[in-house]
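K.L.:
Take the given structure of chain A and dock chains B, C, D and E to it, following the hints.
Okay, here's what each chain looks like letter by letter:
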Amino acid sequence: MKIGIVDTNFARYDMARAAIRELRRGCSAQIERRTVPGVKDLPVAAKRLIELEGCDMVMALGMPGPQEIDKTCAHEASTGLIMAQLMTNTHIIEVFVHEDEAGDERELASLAEQRTREHAKNVIKLLYHPEELTREAGTGQREGFEDAGPLGR
Amino acid sequence: MKIGIVDTNFARYDMARAAIRELRRGCSAQIERRTVPGVKDLPVAAKRLIELEGCDMVMALGMPGPQEIDKTCAHEASTGLIMAQLMTNTHIIEVFVHEDEAGDERELASLAEQRTREHAKNVIKLLYHPEELTREAGTGQREGFEDAGPLGR
Amino acid sequence: MKIGIVDTNFARYDMARAAIRELRRGCSAQIERRTVPGVKDLPVAAKRLIELEGCDMVMALGMPGPQEIDKTCAHEASTGLIMAQLMTNTHIIEVFVHEDEAGDERELASLAEQRTREHAKNVIKLLYHPEELTREAGTGQREGFEDAGPLGR
Amino acid sequence: MKIGIVDTNFARYDMARAAIRELRRGCSAQIERRTVPGVKDLPVAAKRLIELEGCDMVMALGMPGPQEIDKTCAHEASTGLIMAQLMTNTHIIEVFVHEDEAGDERELASLAEQRTREHAKNVIKLLYHPEELTREAGTGQREGFEDAGPLGR
Amino acid sequence: MKIGIVDTNFARYDMARAAIRELRRGCSAQIERRTVPGVKDLPVAAKRLIELEGCDMVMALGMPGPQEIDKTCAHEASTGLIMAQLMTNTHIIEVFVHEDEAGDERELASLAEQRTREHAKNVIKLLYHPEELTREAGTGQREGFEDAGPLGR
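Chains as they are written, first to last, in the numbering used here: chain A, -11 to 141; chain B, -11 to 141; chain C, -11 to 141; chain D, -11 to 141; chain E, -11 to 141.
By construction, these hints were calculated from the structure, which means they are not laboratory data.
Check before you lean on any hint, since a few could be wrong.
Which copy is meant is left open, so a pair is good if it fits within one copy or across any two.
[To be verified] With a straight-line Cα cutoff of 25 Å, these simulated SDA-like cross-link-like pairs (lysine to any residue) come out:
#1 Lys(-10) x Glu56
#2 Lys(-10) x Ala17
#3 Lys109 x Glu95
#4 Lys59 x Thr127
#5 Lys59 x Glu124
#6 Lys59 x Gly140
#7 Lys109 x Ile57
#8 Lys109 x Glu20
#9 Lys(-10) x Met75
#10 Lys109 x Asp44
#11 Lys59 x Pro138
#12 Lys59 x Leu121
#13 Lys(-10) x Asp88
#14 Lys59 x Gly91
#15 Lys(-10) x Glu10
#16 Lys59 x Asp88
#17 Lys(-10) x Ile57
#18 Lys(-10) x Pro138
#19 Lys59 x Phe133
#20 Lys(-10) x Thr122
#21 Lys(-10) x Thr60
#22 Lys(-10) x Leu121
#23 Lys59 x Thr122
#24 Lys109 x Asp58
Here chain A stands alone, though its shape is the one from the complex:
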């Protein structure tokens, strides 16, 4: 198995390091990493990892800024990441942490670390233990935050 990681130098936290640590802890897949300038460069970088480097799954890591234009960039990147998946029949797990999701820098760093790690676990489940994801279906998982949990009745 080979897992690709694409991240950006626009991000203010080294999310790839968090992803790699978690992946190494949970599986023995080979890891291939590429860094691009911003989130809009992620889709083609992820597709190249799949088609030119043979990756079986890719994590796309980004930290969009807080302004309107940043939200638009993130939306364009997400649309491209979905298209890249459809063109390759391969999952690309998007891990975006928006700069305005946390109150201060320390909290933001912690959120980025945590969300990336939890999504790295999702990648391992998708690749090796898909039945575990099905066991969690409908349980309100929230990567990086406390889970919302299943609806009370």
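P.N.:
Just chains B, C, D and E now, kept in the frame of chain A:
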């Protein structure tokens, strides 16, 4: 016949269980289920069920959150689901229940159950009895809510 | 010639009946009809009519609801219909009547009837008399409403 | 050389006439014209002119209305026109004049005439004299309006 | 190596000149330049440089105006640039400078010069020294502005 179901662990209700029950009641198709983290992972998962597992139709189940970013994610997922259908010439019936569509958690659970079941019936009609859908054309069907009905004159 | 019609059971008016009547009055093309649940199911249904049933043109009929989410669905459907046309090199004439385009139900029904009929005439022109459309170029046609007419000078 | 022109009967000004006059003045290319109902029909019509009629470049002319829904239609059409270009590796020069870009009908007609003519000149440059466009690079050209000019320093 | 540059005559600053200077300083790649009218013409121009001229990477330079319609055009262009990358498996580095990003014309010119140069450096890194980008991962690079830097803790 083979029907695919993709759902998420982000959702707070096990919509797939509702879908499977209704499908089993109404037809004898084989059912193939996959669970992914969030709605943006649904398009490629649905396409894989069609192209790699031979599904004749897929249900894509999701429960987007109430915030602006969740609405954007749902929009991106829907766009991807339509693209996946166009690339495969195969229907993917999207069943999304937005968290802010109901007043409380109990009502939301009931809406999720009901809408999923009614869309499972749509799937059966599309696959086995398309003429029934044509009989209902223009009658204002609303899955999960009371039907709007045809326009009065 | 073969003309496809796709409509929905979400719509509150039987627009397909209006389309079929007008098409039968104006040409002798074969008509193939399919009904789907909502507007987001129209793109793949239209593409299937073109690629699997050999339709030379398709009418896609829908009646989006009045809420924000309905507007988003209509936008996603329209984007998909344009993509379906590009993938098939075939015109799909979209006829959408938004529930909030008219003051009451009777007016809305009348608008749906009229707009569908006028677009059915457009389909006949596109297929059989394209030069008639060119004669109308720049004249401010408005299907279902009074024409805006050419700009005064 | 063969240049395609697609316009609409929704537009309130015969922009194609302006385009054809300017093209005939500036080059000897063959011209192929098609008229469709609205701007959302332009992408496939342009693609057909390229792929079925052998056009080397296409002008897509439209006059979107002033309402919110018209803006959405224009956005969908533009997205489709870009996709059509990517699928054919051929330029489609979009010339849209929004009804609310001018104060009165006369001014709007004049804007439509002027912008179309200036874009027809762009088409000639792209096909025959690309080096002229490069000479104008960064000079703030504004088709139909006074040029913004290069930034002062 | 061959690097493509596409720019516009809509822009009010000759960003291509800045890009070419920086590229010539940092590498010996062949440079191929094309100029188009506006940002929506960039995607197909970039794809043509890749597929017809054999460029290994492309810079797409644009300066969207300050109005709502300009923002929409930029969004459509960005979406198209991402699609062009996915269709060619080749990076297209988008360098857009919005007219309202700076307080006056002089500042805007300086921003355009600086951002273009810094992105030209990114292109060189992507092509020749990808490991340098990985060293910068998560460090909050901001082309044309002061870097945001990594999150404090």
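K.L.:
Evaluate each hint against the coordinates.
P.N.:
Consistency of the hints with the structure:
1. Lys(-10) x Glu56: neither (36 Å within a copy, 35 Å between copies)
2. Lys(-10) x Ala17: within (5 Å within a copy, 32 Å between copies)
3. Lys109 x Glu95: within (21 Å within a copy, 32 Å between copies)
4. Lys59 x Thr127: For Lys59 and Thr127, only the inter-copy Cα distance (20 Å) is at most 25 Å; the intra-copy one is 28 Å.
5. Lys59 x Glu124: The answer is between: 23 Å across copies meets 25 Å, while 30 Å in one copy does not.
6. Lys59 x Gly140: So Lys59 and Gly140 pass the 25 Å test across copies only (23 Å; inside, 33 Å).
7. Lys109 x Ile57: Between copies only: 23 Å across chains, 31 Å inside a chain, cut-off 25 Å.
8. Lys109 x Glu20: both (17 Å within a copy, 23 Å between copies)
9. Lys(-10) x Met75: Both, since 19 Å and 23 Å are each at most 25 Å.
10. Lys109 x Asp44: Answer is within; shortest intra-copy Cα gap is 15 Å, inter-copy 31 Å.
11. Lys59 x Pro138: between (29 Å within a copy, 20 Å between copies)
12. Lys59 x Leu121: Answer is between; shortest inter-copy Cα gap is 23 Å, intra-copy 29 Å.
13. Lys(-10) x Asp88: This pair counts as neither: shortest intra-copy Cα distance 33 Å, inter-copy 39 Å.
14. Lys59 x Gly91: Both. Shortest intra-copy (18 Å) and inter-copy (22 Å) distances satisfy the 25 Å Cα cut-off.
15. Lys(-10) x Glu10: within (15 Å within a copy, 36 Å between copies)
16. Lys59 x Asp88: Both, since 11 Å and 17 Å are each at most 25 Å.
17. Lys(-10) x Ile57: So Lys(-10) and Ile57 fail the 25 Å test inside a copy (34 Å) and across (31 Å) alike.
18. Lys(-10) x Pro138: The answer is neither: 33 Å in one copy and 29 Å across copies each exceed 25 Å.
19. Lys59 x Phe133: both (20 Å within a copy, 18 Å between copies)
20. Lys(-10) x Thr122: Both ways: Lys(-10) and Thr122 sit 23 Å apart in one copy and 19 Å across, limit 25 Å.
21. Lys(-10) x Thr60: neither (31 Å within a copy, 30 Å between copies)
22. Lys(-10) x Leu121: The answer is both: 20 Å in one copy and 21 Å across copies each meet 25 Å.
23. Lys59 x Thr122: Intra 31 Å, inter 24 Å, cutoff 25 Å: inter-copy only.
24. Lys109 x Asp58: between (27 Å within a copy, 22 Å between copies)
Of the numbered hints listed earlier, those contradicted by the structure are 1, 13, 17, 18, 21.
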